[in-house]
Each structure stands twice: as structure tokens, then as C-alpha cells.
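Novice: The chain contents come next:
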Amino acid sequence: MGALVGLAPLSGGLFLGWALGANDAANVFGTAVAARIIPYWRAALLCACFVVLGAALQGAAGIETLSAITTQTVTTAVIVSIASAITVTAMTILKLPVSTSQGVVGAILGIGLATDRTELGPLLKVVLCWIGTPIGSLIIAVIAYKVLAFGFRRAPMSMFTRDKILWSGLLLVGLYGSYALGANNVTNTVGMFSGLLPGVSDRLLAVIGGLAIASGTITFGRRVMLRLGSGIMRLDAFTAFVAVLSMSITVHVFAIVGAPISTTQGIVGATLGIGFLRGAHAIHFNALRHIVVGWVFTPIMALILAAAGYAIFC
Amino acid sequence: MFYTRQREVEALIAEYREQAALCVRRFHDSLMRYCRTGDLAQLTRDVVEVHRAESRADDLRRDIETMMYAKALFPESRGDVLGLLETLDTVPNQAELAVRSIVNQYIAIPEPLHPQLSELVNLCSRCVDATMEAVAKLFEDFTNAAALLGKIDEIESRADAIEAQLTQRIFASGDIKDLDKLLLRDLVRDISGICDMAESVADRIRIIVVKRVS
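Going down the list, the protein sequences come from chains A and B. Per this note's numbering, the very first residue in the first sequence carries number 906; after that it's consecutive. Per this note's numbering, the very first residue in the second sequence carries number 89; after that it's consecutive.
These aren't lab readings, by the way, just hints derived from the structure by calculation. Small disclaimer: the values here were computed from a predicted structure and weren't measured. All C-beta atoms in this analysis are idealised placements derived from N, C-alpha and C, irrespective of residue type, glycine included. Any given hint might turn out to be false.
Sample of chain B residues at the chain A side, in silico, Cβ under 7 angstroms [unchecked claim]:
{"#": "1", "residue": "PHE227"}
{"#": "2", "residue": "PHE230"}
{"#": "3", "residue": "VAL301"}
In silico lysine-lysine, DSS-like type, Cα no more than 27 angstroms apart, as pairs [claimed, not checked]:
{"#": "4", "chain 1": "B", "residue 1": "LYS299", "chain 2": "A", "residue 2": "LYS1051"}
{"#": "5", "chain 1": "B", "residue 1": "LYS299", "chain 2": "B", "residue 2": "LYS239"}
{"#": "6", "chain 1": "A", "residue 1": "LYS1069", "chain 2": "B", "residue 2": "LYS299"}
{"#": "7", "chain 1": "A", "residue 1": "LYS1051", "chain 2": "A", "residue 2": "LYS1030"}
Excised from the complex, chain A in its bound form:
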């Protein structure tokens, strides 16, 4: 009981993890589930397992980076998680694509500015990685599309064999994407509590965050998965495979580097890359404008809320 009370400050982070799981699982399995290629429950359970696995095995690196941006107390960590959660919820209500990592880093920066204890080095690393996410994902998607399309579209096979390969491919990249999602994004949910809870190591924190993301995927992921994707362009099975693969590679690389990034930015970059290859007419530029607005306002709103929260409660 005492241990549970000790973990109470984590509740804001767990809520954030739940929201992240509900939203971001669509980035890895959305296309396959919406197209009824993989049943929702199978996708959700597999995604949840691999999210926890990714968080447990490779989630700690990002937690170290996030905790290095500024020093947190239990109170400021709670403010960060709640400010991020409010931002994520508000953006979701406004139907703007939301990046939890931008919300969390914006809120941490808000606390850092309020306390005048911001470390610019780690912050710069995170911001550079944000810029690098869609660009990296776009480049990987262009290369992957060119290479895979060359071989895949010319290989002698029946149209059903092609479907089988794509089905297996979508399942595998979905699992890989789930692993990368857990490894990278667990930082966003519980990273701010690093070193603040007695007896809770970064690894254990990562497992708890992973479980929170998994619970969001299982309990609320269906609606988002069926609504599907960024709406930037229509993806068929092959382009969805390339997009999820490119996003997963990018997110995984940044997980190894220890930079918390957004799977949404990753999938948007990859989809844009494919869109440019298929001709600009395939891209819905209105949806793209919508996304950019979300990217700009998410960290700003979280920053203001966290700074205001600090001014009121600390």
C-alpha cells in the first residue's frame, strides 16, 4: 500500500502514457487494422506486448536525456505531466495532430524557464531530433520505396502471393514499430519522474510507462486506428508497409540516441516522401497545413501551461 502511495505522483504520467498509447498505436497498425488486413484485437495485443518490450529494453536512454534538460522535483514533474496531458487533450479536441513528446518537452522547458534552470545542450539535441524526425523518415521512405518497389513490383509472383508478402510485412513492421514506439516514447510519459521516486529505477520507470502506453492501445486504440493515419494521402498496402517501416527505423534510431520524438512526425515524414515520389497531386496539402499548426502550437501551449502551473503551485 505504501509503495502504491509512493507511486501516486506518477498518475499524471500514466494518464499521459494511456493517451499516447490510444493515439500513437494507429501510426504503426492503423493502416492494417482500418483496411481489415489484421483484426483489431490481434494488432492491439501484439502492439501492447512489443511496446512494453521496447520500453523495458531500450527505454532508459531517452529518460536520461529528458531528465538532463532540467532538474525536476516531484511537484514540477506532476505539473509537467498534467500540463502535457491537458495540451494533448486540447489538441485532440481541436482535431490537430498531436505530438506527446513536443508537449512534454514544451512543459519541461516551461518549468526550466520559470526556475531558470534549463540546460540548453540536451534541449538543443531534442529540438534537432524533432526537425530530424520527419526529414529522416522522409529520406528513409524515399530510399526504401525506390529499392523495394524496384524488386517487389518486378518479381514474378501471383497477386495473392504479393498480398501474402505484404500481409506478413505489415505485421512485422507493425511489431517493429510497436517496439520502437515503446523504446522511444516511454520517455514522454514517465521520463520527468526519473530519480524522483525512491526505489524506482529508470528501467522500472520505463516498464511502468510501457504498461501505461499498452493499456491505452488496448482500451482506446480502436477508434483512432479505424479513423486512421494522417490523412496526408491515401496509402495502399505497399505504401503503408514502406511508411511504417521508415517511421519505425527513424523512431528506433532516435530511441538508441536517446531523443524522445514523435511517431506522428515520423509517419508524416514517411508519407510525404512517398507522396513526393508518386507526384505532388497525391498529397492533401490542407491536411499538411493542419499538422504543421499542431506541431507549432503543442510545445508552446504546454510551455505556457507548465510555467503558469509553476507560478500558481510552487
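Assemble the complex: chain A is given as a structure, and chain B must be docked to it using the hints.
Specialist: Relative to chain A, chain B alone:
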């Protein structure tokens, strides 16, 4: 589950192709025999065989559609296969329609028309064989299916030319009654229609292939 349904659909489509091809073979054999013998009673018996193959093909098509609606295959492939089957099914239907019209309307084919009519029937048979081969290719190596489509177009053009020649001969003939001329013209149009249907299937195949290789 996904793999099992695909295999079942693939097996049913192969069976469907066989039945549709059998229907057109029976159409071919019965018309050739009718041209040789003029035996309407025999043709009436042959129509039953043509109908049996057409009906079996219809049953198989319904089975495939039911399986498709039960969520077999990728949605894009599901739409493509359903569209292909719908178009393919017009081929045996047209073959049955052609032989049945002879029986129902007691159409006698004048001897001077036999060589060209036989050639038209042969072309229909070849066109359908090429079409079935192209359909089979989709399920073996779809990138090569397009190579057969040129052959179908070529046969269809030849069939159109013979249809036109036959129509002119029918109406130029002084030995054929006016009403019979109209019946014969419709018969020729119905027979040539088999090639038109086969060409529509070829167009479907072309789209299926282009969607996957471009």
C-alpha cells in the same frame, strides 16, 4: 486464417476458370456440329450441356463472392477480384445466349455462311482461351499477364472484321428471307459478343496489373 482463405479463393477461381472455359468449348463444339449437320434436336441437347457448365460457373462465382465478403484477401485485391469475376462471368453467359438463340428461334444457318461463321466461332474459342490464360497468369505471375492482352485485342479485332463481313453477306444475299436476315445478324452479333466480353476482361486485367507495377 488470412493464408487459408487466400488458398481457398485461389482454388475456387481456378475451378471457375475451368467451368467457364468448358462452357465456351461446349458452345464451340455444338455450333460446329450444327453447322455440319443442321440437326436442331442435337443442338437442343447440346444447349443443356452448355447451360450446365454456365450454371456451375455461376455457382462457383457466388461461392467466391461469399468468401470475399467474409473478408478474404486485401480490400484492394478483393475489389479487383470481384470486378474481374463479374466481367468474366459475362463470357459464359454470352456463349449460352448465342446457342440458345438458335434453338429458341429455330435459326437455320445457310451453307454459304458456314466457313466464315465457323471461323468466327473458332476465333471466339481462341479469344476465350487467351483470356483464361491471362486470368490464370494473375494468380501465377501477374507481371506477365499483360503480355497476353495484346493477343486478345488482336483476336477481338479480327472477330469484329468477320462480324462485319458476315453481316454484309447476310444482307447482300438474295436467298435469305428478310426476317431470317435479322435473326442471323443478331446471331452473328451474339457470337461476336463473346470476344467483346473477353476484351472487357482483358481491360480489367490491364488495370489490375498496372495498379501493382506502377
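Novice: Are there hints from earlier that the structure breaks, and if so, what are their numbers?
Specialist: Going through the list in order, the structure violates hint 7 alone and respects the others.
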